[in-house]
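Residue-level listing of the chains:
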Amino acid sequence: MVSDADQVAELLARLRAGTPLVQCITNAVVTGFTANVLLALGAAPAMVDNREEAPVFASVADGVLINLGTLDAEVAQTMRLTAEAAGAAGTPWVLDPVAVGGLPLRDRVGAELVPLRPSVIRGNASEVISLSGAEGGGRGVDSTASTEAAVDAAASLVGRTGGAVAVSGPVDRIVDGSGVRTIASGTPTMTMVTGVGCALGAIVAAFAPYAETPADAAFAATAVLTIAAELADEKADGPGSFAVQLLDALHRVGPADLARLRVG
Amino acid sequence: MVSDADQVAELLARLRAGTPLVQCITNAVVTGFTANVLLALGAAPAMVDNREEAPVFASVADGVLINLGTLDAEVAQTMRLTAEAAGAAGTPWVLDPVAVGGLPLRDRVGAELVPLRPSVIRGNASEVISLSGAEGGGRGVDSTASTEAAVDAAASLVGRTGGAVAVSGPVDRIVDGSGVRTIASGTPTMTMVTGVGCALGAIVAAFAPYAETPADAAFAATAVLTIAAELADEKADGPGSFAVQLLDALHRVGPADLARLRVG
Amino acid sequence: MVSDADQVAELLARLRAGTPLVQCITNAVVTGFTANVLLALGAAPAMVDNREEAPVFASVADGVLINLGTLDAEVAQTMRLTAEAAGAAGTPWVLDPVAVGGLPLRDRVGAELVPLRPSVIRGNASEVISLSGAEGGGRGVDSTASTEAAVDAAASLVGRTGGAVAVSGPVDRIVDGSGVRTIASGTPTMTMVTGVGCALGAIVAAFAPYAETPADAAFAATAVLTIAAELADEKADGPGSFAVQLLDALHRVGPADLARLRVG
Chain A
0 MVSDADQVAE
10 LLARLRAGTP
20 LVQCITNAVV
30 TGFTANVLLA
40 LGAAPAMVDN
50 REEAPVFASV
60 ADGVLINLGT
70 LDAEVAQTMR
80 LTAEAAGAAG
90 TPWVLDPVAV
100 GGLPLRDRVG
110 AELVPLRPSV
120 IRGNASEVIS
130 LSGAEGGGRG
140 VDSTASTEAA
150 VDAAASLVGR
160 TGGAVAVSGP
170 VDRIVDGSGV
180 RTIASGTPTM
190 TMVTGVGCAL
200 GAIVAAFAPY
210 AETPADAAFA
220 ATAVLTIAAE
230 LADEKADGPG
240 SFAVQLLDAL
250 HRVGPADLAR
260 LRVG
Chain B
0 MVSDADQVAE
10 LLARLRAGTP
20 LVQCITNAVV
30 TGFTANVLLA
40 LGAAPAMVDN
50 REEAPVFASV
60 ADGVLINLGT
70 LDAEVAQTMR
80 LTAEAAGAAG
90 TPWVLDPVAV
100 GGLPLRDRVG
110 AELVPLRPSV
120 IRGNASEVIS
130 LSGAEGGGRG
140 VDSTASTEAA
150 VDAAASLVGR
160 TGGAVAVSGP
170 VDRIVDGSGV
180 RTIASGTPTM
190 TMVTGVGCAL
200 GAIVAAFAPY
210 AETPADAAFA
220 ATAVLTIAAE
230 LADEKADGPG
240 SFAVQLLDAL
250 HRVGPADLAR
260 LRVG
Chain C
0 MVSDADQVAE
10 LLARLRAGTP
20 LVQCITNAVV
30 TGFTANVLLA
40 LGAAPAMVDN
50 REEAPVFASV
60 ADGVLINLGT
70 LDAEVAQTMR
80 LTAEAAGAAG
90 TPWVLDPVAV
100 GGLPLRDRVG
110 AELVPLRPSV
120 IRGNASEVIS
130 LSGAEGGGRG
140 VDSTASTEAA
150 VDAAASLVGR
160 TGGAVAVSGP
170 VDRIVDGSGV
180 RTIASGTPTM
190 TMVTGVGCAL
200 GAIVAAFAPY
210 AETPADAAFA
220 ATAVLTIAAE
230 LADEKADGPG
240 SFAVQLLDAL
250 HRVGPADLAR
260 LRVG
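Protein chains in written order, with numbering that gives the first Met the number 0: chain A, 0 to 263; chain B, 0 to 263; chain C, 0 to 263.
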């Protein structure tokens, strides 16, 4: 079970040596940033998201991200077909239920994807609570609940998927059948740049082929991103330079940096 | 009537305290940058633009931006429905008629949206002239006319919407029933980065819930963006670093900075 | 025939004086970055890509880019109509066959566009080999072949289009009826930022109206981008800051910088 900095460093070294091909069906707001995050980390992004190609590609990709940020009926169908194809091929896939909770289309699509058993669900507390079917409710993509409040909802989702749930917030909680792991690293600046949460989903998909369990991938991804954010914050003067520094930090982050990881 | 730096600073403080939820149906080129501008400013972006969700969302948003930069027939219908929903809910909304003037689809969509009475129309001189139905003509998204030449067209649009028109250029002119206000702040670098004009539309939508009149929101937004651009220019070495510095400057711009505002 | 730094500098001066209007139908991942590259260089981007407007616009644009990065059936039809309109109007156009080689939709679209005779085809070795119909094969957008291995495939495509083919890699090779020109400038960081290759296609389209032959445009574009990348690398600390510095460098790159061009 991956739960400390040394284990994360080892997985990161394997990821960089392997250059995993990570397919992303993600939202229009963050495609460029997500691809750059994956490149900086050492992965190979493939933003293949059309209906004809996406399901085919899911069987050659090393990991798949499905992010509900911007949807329409056709994209929703592509997501379903791609999730099925990933499942059939044994490709690990991550579901990011962006802004689920009160908007009709994404609530429906989220509910359809959970039974297809995503390896990891990555969201904020409100999204995880809403996706689980429990009472909660968000405000767009902002979470109005603490990550602790979402642990029961996360455990309920784990019971249905057999995978892991990563609840993002000031304290991140990674939940699977073996329990809850927490990470307290990271900075508030992460919420001042669009797509940092979405990037975490992509990083989880990049770690998944190297991790023994989905929760291990989620733990390593959260550790690497939050430490890189701390490194970036030291050099940044605001949200614009933070985003730039975050990419630089993801590229250079190593074992010595990861040693500052604050686990729960 | 907001027409000086102190009044702008007060509105900015209220915006930051309120974290307005700003829904953007904008073009594919600038979605990420627009979201980052809103976050840096202190607003909460929601890029909800699909046909099923966008009209619903317009009634919970604090302000809405509809930007015609990239269109197709389905998006055009979503824009109409969302404008109607915003109007019905009393949510202020901003129309940015990107590149209207000579291209069939966007000319038609612009003509359909004006009667739905946008709170603010934000465009360059060519776009405003074309949207008003007067003779003019642009060249893609570049303006070939001065903002002064667009004042009559702007006044004509104000007569039809009851709102305000912000004409962007080296000298910005904000027009409503009470007259014309001008702002001469800003830098030429603003035209070397894609989406700076589009970002202004989003910032207007963020100010709208706090301003007494649509023109006040347009004035405050133009003041904040042009001053932030001047701050950014002092630290930038070219258009790439300017875009980064602009986000940092939008995050930190305060009363002392706004004092350099040059009004007409 | 443009084959040295002085000739490139002269073409660059003409481009900047002319501010060419470059229409891009490109992929959703890189639209913003591509527009910013064109602005930094001194061109005027127009990301007009809907079915109603794109073919019309191709007759007023100075150059057109068609990039297959993200596709669906409707976009594919728009690309065909736009390529035909560009051909009919005599507007030079560039085809970037992103990730052609093994994915059904883009292979089909690529095969349909070649007979419409693009002025320049710009791709990596795998893409060029696949597009030519020869045996090869890629891995998403990564090339698994050297540019030398693609020269025969490029020559075969030149025979069908009458234009030029630019094969991108550590050594770039520009092929047309007159032979093969090589450029060895550039840096590995170019592959760590999404959209740098796509940007090259846009830069070729910006040079095309000023060059005597398509291969001259491809040579000048490759020279300017690779030298700008070298300048950027000197100031960057990683892929995030490299992308920012690349835009700054494209804005300031001049004859003295181009003198370091390494030709084959």
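Since the hints were derived computationally from the structure, they do not count as laboratory data. Among the hints, erroneous ones may be present.
[Said to hold, decoys possible] List time: in silico DSS-like cross-link candidates among lysine-lysine, alpha-carbon distance up to 30 Å:
hint: 1; chain 1: B; residue 1: Lys234; chain 2: A; residue 2: Lys234
hint: 2; chain 1: B; residue 1: Lys234; chain 2: C; residue 2: Lys234
hint: 3; chain 1: C; residue 1: Lys234; chain 2: A; residue 2: Lys234
[As the list claims (entries may be wrong)] Which bits of chain B does chain C cover? Going by a derived footprint, with three or more residues having C-beta under 8 Å, they are:
hint: 4; stretch: 8 to 22
hint: 5; stretch: 195 to 204
By construction, the Cβ of each residue, glycine as well, lies at the ideal position given by its N, Cα and C atoms.
Now for the hints, and whether the structure bears them out:
Using a Cα cut-off of 30 Å, the hinted pair B:Lys234 and A:Lys234 holds, with the two alpha carbons roughly 15 Å apart. Simply put, B:Lys234 and C:Lys234 have alpha-carbon atoms about 15 Å apart, close enough for the 30 Å limit, and the pair holds. Only pairs whose Cα atoms come within 30 Å are accepted, and C:Lys234 paired with A:Lys234 is accepted, the gap being roughly 15 Å. Counting residues of the stretch 8 to 22 of chain B whose CB lies closer than 8 Å to any CB of chain C gives 0, so the stated coverage by that chain is violated, three being the minimum.
Counting residues of the stretch 195 to 204 of chain B whose beta-carbon sits less than 8 Å from any beta-carbon of chain C gives 0, not enough to reach three: the coverage restraint is violated.
Of the numbered hints given earlier, the model fails hints 4 and 5; all others are met.
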